[in-house]
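Residue-level listing of the chains:
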Amino acid sequence: MAQTMWDDVKEGQEISLTEQTSSQRLVIWAAASGDFYQIHYDDNFAKGNNLPDIIVHGALKGMLVGRLLDEFAGDKGWIEMWDVSYRGMDKAREDITIWGKVTKKYQEGGKNLVDLDVGVKKVDGTETTPGRATVSLPKK
Amino acid sequence: MPEELPDLTPEMKAAIGKSGPPTTYEVTSLGIRTFGRAVGYKNPIYFDAAAAKAAGHKDLVAPPGYLGMPVFNPNATAGRGVDFETPFKRNLNGGTGVFPLERVYAGDVLDAVTTLVELKLDRGRLGQMLIRTSETVYTRKSDGKVVAKTRGTGLSY
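The listed protein sequences correspond, in order, to chains A and B. Residues 1 to 140 (this note's numbering) make up the first sequence, in order. Residues 1001 to 1157 (this note's numbering) make up the second sequence, in order.
A few of these clues could be false.
Per label pair, the in silico range of CB-to-CB distance [stated by the list, open to error]:
1. A/13 - B/1121: 22 to 30 Å
2. A/24 - B/1056: 31 to 39 Å
3. A/123 - B/1058: 25 to 33 Å
4. B/1073 - A/20: 28 to 36 Å
5. B/1022 - A/127: 32 to 40 Å
6. A/123 - B/1102: 36 to 44 Å
7. B/1085 - A/12: 45 to 53 Å
8. B/1145 - A/101: 26 to 34 Å
9. A/20 - B/1145: 42 to 50 Å
10. A/42 - B/1121: 39 to 47 Å
11. B/1073 - A/7: 44 to 52 Å
12. A/76 - B/1145: 47 to 55 Å
13. B/1003 - A/50: 34 to 42 Å
14. B/1009 - A/18: 43 to 51 Å
No wet-lab data here; the hints were simulated from the structure. Using N, Cα and C, we set each Cβ at its ideal position, and we do this for glycine too.
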């Protein structure tokens, strides 16, 4: 994968991933995270808790934002931080789009930094997981 | 619906700023690969130790945000945070912040200490909620380095 260079990044630049949220993926996430709450894989349990369907783990959405940033930062970059809020539920089995938009490009403390707004959108465009991030990148 | 609280209880107020006992997290090759698979990573440094070494790493690399799993012990009491009595029995994950500080590798063993930094009552569409913000510091046992800090928001209603 091509390395993103700080010099080439522009404020307003957008990055995104579209991901599926099958029950199988949520089960793999349950194993990876140790979060075995049944609202994420047991249809009857979820409906018994007044949910429309099983729902995507908030933490999986948070870590998908981490992957978007990691792929943007590349092997020579570094994620300084990311922080997201789980504001809305995402029903499983619907695609989600993980996105980032560069809001600021600057140098500080010897680092070449980029701030981004990040989030996760449903198919209908509703934002469920707004947040922000800072990534440091190599300079030419 | 749980009983409404006019204010935080004295026990809740006393818990703010307190830290729980350290919890041991193990970062294993299996754990890294399962996390990488669930999140959809493709970078071989997260799946193949030889590829990670060829890229200059000492072992299989943990993707950002992966800090292993707490060691499961069916005979230990649960809970890594600060406990208090609460009428709110249902919990939702409100948010996650991650501050990666060092690369984490397969074989690392981390000590995680969680501190309750803020506790407040609020009202949302689920009625009255208790919002707790915690910070966890992960320290690698082998070299004493803080490898990451995380911030978590929990909503109880």
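Results of checking the hints against the structure:
1. A/13 - B/1121: 22 to 30 Å: Violated, since residue 13 of chain A and residue 1121 of chain B (Cβ atoms, about 40 Å apart) do not stay within the stated range.
2. A/24 - B/1056: 31 to 39 Å: holds, 34 Å
3. A/123 - B/1058: 25 to 33 Å: At roughly 42 Å between Cβ atoms, residue 1058 of chain B and residue 123 of chain A fall outside 25 to 33 Å, so the hint is violated.
4. B/1073 - A/20: 28 to 36 Å: holds, 35 Å
5. B/1022 - A/127: 32 to 40 Å: For residue 127 of chain A against residue 1022 of chain B, whose Cβ atoms are near 37 Å apart, the range 32 to 40 Å holds.
6. A/123 - B/1102: 36 to 44 Å: holds, 38 Å
7. B/1085 - A/12: 45 to 53 Å: holds, 50 Å
8. B/1145 - A/101: 26 to 34 Å: Given a distance of about 33 Å, which is inside 26 to 34 Å, the answer is holds.
9. A/20 - B/1145: 42 to 50 Å: Violated, at about 37 Å.
10. A/42 - B/1121: 39 to 47 Å: violated, 31 Å
11. B/1073 - A/7: 44 to 52 Å: At roughly 50 Å between Cβ atoms, residue 7 of chain A and residue 1073 of chain B fall inside 44 to 52 Å, so the hint holds.
12. A/76 - B/1145: 47 to 55 Å: Given a distance of about 21 Å, which is not inside 47 to 55 Å, the answer is violated.
13. B/1003 - A/50: 34 to 42 Å: violated, 20 Å
14. B/1009 - A/18: 43 to 51 Å: holds, 45 Å
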